[in-house]
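Protein sequence lines correspond, in order, to chains S and R. Per the numbering used here, the first sequence runs over residues 1 to 311. Per the numbering used here, the second sequence runs over residues 1 to 524.
Worth flagging that the hints you see were computed from the coordinates, not collected in a lab. Just so it is clear, the structure is predicted and the values come from calculations on it, not from any experiment. In this text, a Cβ means the ideal position worked out from N, Cα and C, and glycines have one as well. Treat the hints with care, since some could be wrong.
Over the 10 Å line for every Cβ pair with chain R, so calculated as not near, a few chain S residues [claimed, not checked]:
(1) Leu114
(2) Val164
(3) Gln238
(4) Phe256
(5) Val291
(6) Val299
Calculated pairs, DSS-like style, for lysine-lysine (alpha carbon to alpha carbon, straight line, at most 30 Å) [unchecked claim]:
(7) S:Lys49 <-> R:Lys500
(8) S:Lys75 <-> R:Lys438
(9) R:Lys500 <-> S:Lys75
(10) R:Lys500 <-> S:Lys59
(11) R:Lys500 <-> S:Lys176
(12) S:Lys49 <-> R:Lys147
(13) R:Lys146 <-> R:Lys392
(14) R:Lys349 <-> S:Lys59
(15) R:Lys146 <-> S:Lys59
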Amino acid sequence: MWRRVALSVLTLFVVSIVVFSATQVLPGNAAYAVLGHSATPQAVQALEKQMGLDRPAVKQYWSWFSGLFEGHLGKSLVNGESVASLIGPRLENSAFLVAVAGLVGTLLGVLLGLWAALRRDKPVDHVLSVTLLALTSLPEFVVGIVLVLVFAAVLFHLLPAVSVISPGQAPWQALKLLILPAATLVVVTVPYLFRMVRAATIEALESEYVEMARLNGLSPFRVLVRHALPNAIAPTVQVIGLNFLYLAGGIVVVEFVFAYPGIGQGLVDAVSDRDIPMIQFSVLALAAFYVFMNIVTDVISLVATPRRLFR
Amino acid sequence: MEEHEQDVVKSNGMNRQEFLTRASAGVLGATVAGGLGARAAMAAAPKPKKGGTLRCGFGGGSATDTVDGDNVINNMDFARTYQLYDGLVAYDQNAHVRLQLAEEITPNKDASVWTIRVKPGIEFHNGKPLTADDVLYTLRRIVDPKKPLVGAPTLSYLDLKNAKKLDKRTCRIPCHAPFASFVDTLPNYTYFISPVGFDLKKPVGTGPFKFQSFTPGRQSVFVRNENYWDGPPYLDSIVITDFADEESQINALLAGQVDVINFLSAPSIATVQGRSGANINIATGASLLQFTMRVDAKPFNDVRVRQAMRLIIDREQMRKVVFLDHGILGNDLFSYWDPVYDRSLPQRKQDIPQAKSLLKKAGYENLSIDFITAPMGQGAVQMAQVLAQQAKAAGVNIHLRQLTVTNFFGPNYLKWVFSQDTWQYFPYFPMVAFSSLKGSPANETHFGDPTYGKLYKQALATVDVKKRTELAREMQRIDYEKGGYIIPFFPPTIDAYSSKVHGLKEGKTGVPFNQHNYKRVWLS
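Make a model of the complete structure from these sequences and hints.
Set out below in structure tokens:
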């Protein structure tokens, strides 16, 4: 376990070096990005000096890296505000959206999957399976735009079309703004989970020990909960974990469609502005989330598979 | 369109000094939005109502956003700085230069010394009265050699070291060389007046709205300046939100989440038009969206190739494809609204045989060349695509290379041989200083014709408007014959707003809503 944590920290360190190197290869730098149209050679030179971009790359990386240990994440190159104050709220917004979409999606995926498994080959199962299969083929921006057209901008005006959370406002204070982006993410993540739960449950229901339990006269509910489900948990948790990881990436597109001020949008901005401290921290936050989710899903499936736990 | 022409003819008849000495407010009120602007139901309703918040969903911003009125970088910044600050002069709705904070700006007889007097009784948002010190402070802050702001290069003639305050409201600024285009240079968005000791953390100006909050790349809020010298605005506040995507801007407008949106593409006109509660505004501005040919690089160092490229383009077709016929046809000359703009030069039209023969004479038959494009403004990339298509007729093979905007304006900007660029409207002489002289800060075409430079110097020492106009005409003939720009048309500025919003006007400089002027805007 501790080895795992140490490896994770090492991973993050390597990520930070890779990302920093990548920013060095991109054409232009933050000085050009800030000056844009007004980038005369003199102005660029003056600004590069001011931003510390005239120093050797290794030195720039070291000053950022050593800053981490003194507890500061640095300042945005392009507007001078602290990285923490710029990314903190965005991180909060994104995390909340991922959490809401992830929880709703998980609940819905598991319940629908169970239902379909219990009603195997009945009409409900067919309708659910075909519908969700069709949905998997839609990319999230299509789902998002369709939802906006139907519920916000054109057909009905029930919900907000864009989810602009004002600076200083927490996402849970504006739940109405979260409905469509969360729904979009749910629509794109549920089908996979549904199929997994359905398949795993059916497999468990067909096993000999479930057959045995049934023959022993246990109620169908008890058979499902006590005997079939525990064996479907391990593969399901893996998929739920994967879904959360997918959300962390897929959210970039959804944030764009809904103008949601999250970390994805911030990262896109940071890359186009060549704002190295912002890029570094955003990518590290996402990478840390990946590492963390991987550990969590591994631990849960380990716990859910007793025979592996004691090996 | 006819109304525009009339406006211009009128202004040609009126001399520049007359413009400048007229009270800005009076003239502003008297001019009426022309053409499409007027048609778009912009007439102010009879009884304006006080109060309310104008919610703007604007494009073109990023984390580089600023509220510094003298260091404006991106299109979003205009929306903010026009609320916070005023300039010594400003464009009116016809893109003519009017006095704003200045009561008087007068040159000596060869325009080498300028006297500026500001209006009395104007206060900054913090209560500090506006004085000549603030004018000198602002100008010195802009040209500070240690940390020059974006407007520094075009003020290089001013000798601010030897500038003197004459009395509380008056100062005198000598110049290193005659600078007759000083007043035309000043309405630029990089020359807003800020008070002595300006602090970017608490930005203070004399503008119609006061600063409340600002988060770069996300949102900013401004509240009514009750003490505004030109009469307090009707709106309580303005909330400006950054949008990264046109689609979400339109959705937000249609869902009633914002009241005004800007910088739309032509196809969006149909999306917004006909929807209840939303209006579209198509301003025939004269911002630039021009092709650039480097006159010092092959093949364009041969003037015949430049002339051929200008003849290859079917301007009307290009405008139709890209902007659905909106916008003003161009003649490879810039500064359309400046009274010195030469309307007597024949309109250039597509002439493939002539273009082919010019290319043949220059030894560039079957020319094959790279063109660098980027989505720097609505229609930019589409224009390049149409150009490549049209050039085939003359046997010219244009390969498009599309970059991201950041890469385009990166280290190779101003070095592309065949490319394009975009600028908002500037009067003629400042635009020349900015783009077309040896050492100009944005000389994309590397133009540096010696005769042209000489005429420019002469014009800057000429205070007489008539004589200066003649010199400008001579210069424009050089632009027309030898220049490195192709200006097929001046693109329209397409903005939309909710029908709850009244009193919005379209200007002609390419900056939305008459330079983001919300002083007389109200909500029903």
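Hint check:
no.: 1; hint: Leu114; in the structure: holds, 36 Å
no.: 2; hint: Val164; in the structure: violated, 5 Å
no.: 3; hint: Gln238; in the structure: holds, 34 Å
no.: 4; hint: Phe256; in the structure: violated, 6 Å
no.: 5; hint: Val291; in the structure: holds, 27 Å
no.: 6; hint: Val299; in the structure: holds, 37 Å
no.: 7; hint: S:Lys49 <-> R:Lys500; in the structure: violated, 48 Å
no.: 8; hint: S:Lys75 <-> R:Lys438; in the structure: violated, 38 Å
no.: 9; hint: R:Lys500 <-> S:Lys75; in the structure: violated, 41 Å
no.: 10; hint: R:Lys500 <-> S:Lys59; in the structure: violated, 55 Å
no.: 11; hint: R:Lys500 <-> S:Lys176; in the structure: holds, 24 Å
no.: 12; hint: S:Lys49 <-> R:Lys147; in the structure: holds, 11 Å
no.: 13; hint: R:Lys146 <-> R:Lys392; in the structure: violated, 50 Å
no.: 14; hint: R:Lys349 <-> S:Lys59; in the structure: violated, 57 Å
no.: 15; hint: R:Lys146 <-> S:Lys59; in the structure: holds, 24 Å
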